[in-house]
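One-letter residues, chain by chain:
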Amino acid sequence: MTRGPHAPDPGKTIEEMLDDLAADPGPGPSADLMARVLADAQTHLPAPGGAVAAAPWWRQMVQGIGGWGAVGGLMAATVTGFVVGLGALDSTGADLVWTLGYDDYYDAELGLDAFGWALEEG
Amino acid sequence: MQFAETMTMPLDARPDVDDAALLARYARGDAAAARALTIRLVPRAQAQAFRMLGDATEAEDVVQEAMLRLWRIAPEWREGEAQVSTWLYRVVSNLCTDRLRKRPRSGMALEDVAEPEDPSPGAEARLQETARHAALRAAISDLPERQRMALTLRHFEGASNPEIAAALGVSVEAVESLTARAKRALAQALKGRVAALGYEG
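Residue numbers (the numbering used here), protein chains in the order written: chain W, 1 to 122; chain A, 1 to 201.
No wet-lab data here; the hints were simulated from the structure. Note that this is a predicted model, so its numbers are computed, not measured. Quick reminder that beta carbons are idealized off the backbone N, C-alpha and C, glycines included. Careful: at least some of the hints might be erroneous.
Quick partial rundown of chain W residues pointing at chain A, CB under 8 Å, derived from the structure [stated by the list, open to error]:
| no. | residue |
| --- | --- |
| 1 | L33 |
| 2 | A47 |
| 3 | L74 |
| 4 | A77 |
Partner residues are not named here, just some residues of chain W that face chain A (Cβ under 8 Å, in silico) [what the hints assert, rightly or not]:
| no. | residue |
| --- | --- |
| 5 | L18 |
| 6 | A31 |
| 7 | M34 |
| 8 | P46 |
| 9 | L86 |
| 10 | A88 |
Label-pair distances were calculated between CB atoms; the ranges are [stated by the list, open to error]:
| no. | chain 1 | residue 1 | chain 2 | residue 2 | range |
| --- | --- | --- | --- | --- | --- |
| 11 | A | R72 | W | G81 | 36 to 44 Å |
| 12 | A | Q83 | W | E15 | 21 to 29 Å |
| 13 | A | A31 | W | V83 | 51 to 59 Å |
| 14 | W | T80 | A | Q83 | 45 to 53 Å |
| 15 | A | P144 | W | G28 | 25 to 33 Å |
| 16 | W | E16 | A | E163 | 45 to 53 Å |
This is chain A alone, in the form it adopts within the complex (with noise of 0.2 Å):
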């Protein structure tokens, strides 16, 4: 009855069917497969993309490329080699990172913003919260790229130790040793304009 029921389930919610499996089918010429991950991948390469950029549109674009290259990829693809979302978060990632990295650095700081048409205490805030968004992701991007994985995997999806240490393929004292580099090159990086950004510091 169980079965069943999971049997006609849509493929993007059947947790019997991994990404690889879905992958795989894609590589064999389904296209429901395709569906399936765009549901299931999209979403939380977007929120990914995003997080790094502060962009929508731009976050957008680097996830229709990451997807683009992961159907490239698909027939070339082994299983057991790596998970397909870690791939996924790693491409994104880099896409990010070099378009971070072209950026002009203008709007980091509040003094290089402009004035708010708007004047009052919440559009400052925002202004604010603009400002250290756009100073964060500056510094971030310009971290190690396992550095930089480590970070993120752990502050922006939340993954465990052990999760990242097996994305990562390192150990889990390794993991530590990134993220706390990681952060002491954040610090070393907005040495000076906590304050500005509106934190106690």
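Isolated chain W (complex conformation) (with noise of 0.2 Å):
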């Protein structure tokens, strides 16, 4: 391992460096591996004339509905559902607090909350 006469350029050593590694050909792909890329391809071989992805299964579902524009459809369907359904027990009369069964808000209101309770049955 001589050293040169002047200062060593770490550029040009590293140039050499891969240089030389570069230059080594390495053995070529062997009949073993080609066969087993090709065996690989064919177990992942999508069907003919249609891509098979191994979709999420969130997309498996919005396509088994019909897509995005389906999904839109039924959530704006269910909100209108919702909200006539809303307006029909309105016009019932019924109290919706205490239809959905606001507990917390109805004992409040009437003064029963648990210690009240506690205190009625002694």
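Now that you have both chains on their own, put them together as the hints suggest.
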């Protein structure tokens, strides 16, 4: 390992090392590797004419329903139904708070909280 | 006449059918496209992996894994977003880096390598070559991804700066900066060891 008379150029040495490594051709792919790669390709080969992607469950569900358009329609219908239902409930005169079981609100309004019940029960 | 000749060529040798088109055919269930892609891509990927790992068996495992990822992603591949060869190069590079980082760092320096059974000068030279390649591979694996990609594309694949810029999605000036920084990092990592590895320094 001789040292040159001048200061070493690290960049040049690195270039030389990289060229050395690049010149190492290495063995080509074996027939076994080609066979393994082709076997994998065959295993994952999509059905003819259509891509069979391993889609996540939510995407499969969306596709099953009929796509994002159908999902949007379904959501709109759900919201509409809910609103119509609330309107119908209102027209019957039923107390919405009572019907939906807002216990805390109801109890507080009457002053019948857990402490009150405990007092009454002795 | 020329058109007829082209049409009878094997798929992998047809210049008018690029890798992305072959992948799209594979995604539509064309097994011949898989054969063509394998013939086109595997030898290059194997050379890349071997250069980075220095072990043929490990390199083959990496190539198989990278190609498996390609088959899996095929149905979702969007043409025009990236070149198949660049995508594969990046996957192979990252898989090799993962393996190199998990390796124990023994065997990089000459003093850590066992004495050769054959003490002839040729054997010693081979041993030294193995040691310096291992040291360089380890230093390359420690580079940030973009520096590593730019450096290896330039030196191992012979890619030009504009080609590397296109592959990495950066400017030519950025490529020059990446390769310069990569070389400085390598010089720093191997500082004080170049002479022991058989280089004048």
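Hints, verified against the model:
Given hint, L33(W) at the interface with chain A, holds; its Cβ is 4 Å from that chain's nearest Cβ, closer than 8 Å. At its closest, the beta carbon of A47(W) sits 6 Å from a beta carbon of chain A; the interface hint therefore holds under the 8 Å criterion. About 26 Å separates the beta-carbon of L74(W) from the nearest beta-carbon of chain A, more than 8 Å, and the hint is not met. Evaluation of the A77(W) hint against chain A yields a violated restraint, the C-beta minimum of about 31 Å exceeding 8 Å.
Because the beta carbon of L18(W) sits about 4 Å from the nearest beta carbon in chain A, less than 8 Å, this interface hint is met. Restraint check, A31(W) versus chain A: the minimum CB separation of about 11 Å is more than 8 Å; hint violated. Nearest Cβ of chain A to the Cβ of M34(W): about 6 Å, under the 8 Å cut. The hint holds. Interface restraint check for P46(W): the shortest CB-CB distance to chain A comes to about 5 Å, inside 8 Å, so the restraint holds.
With a cut of 8 Å, the hint placing L86(W) at the interface with chain A is violated, because the nearest CB-to-CB distance is about 43 Å. A least Cβ separation of about 46 Å between A88(W) and chain A goes past the 8 Å threshold, and the interface hint is therefore violated. Separated by about 41 Å at the C-beta atoms, R72(A) and G81(W) satisfy the suggested range of 36 to 44 Å. Look at Q83(A) against E15(W): about 27 Å separates their beta carbons, and that is inside 21 to 29 Å.
Evaluation of the 51 to 59 Å hint for A31(A) and V83(W) yields a pass: the beta carbon distance comes to about 54 Å. Hint check: T80(W) to Q83(A), Cβ distance near 49 Å, so the stated range 45 to 53 Å holds. For the pair P144(A) and G28(W), the beta carbons lie near 30 Å from each other, so the given range of 25 to 33 Å is met. Taken as a hint, the range 45 to 53 Å is violated for the pair E16(W) and E163(A), whose Cβ atoms sit roughly 23 Å apart.
Figure legend: structure checked against the earlier numbered hints; hints not met, in rising order: 3, 4, 6, 9, 10, 16.
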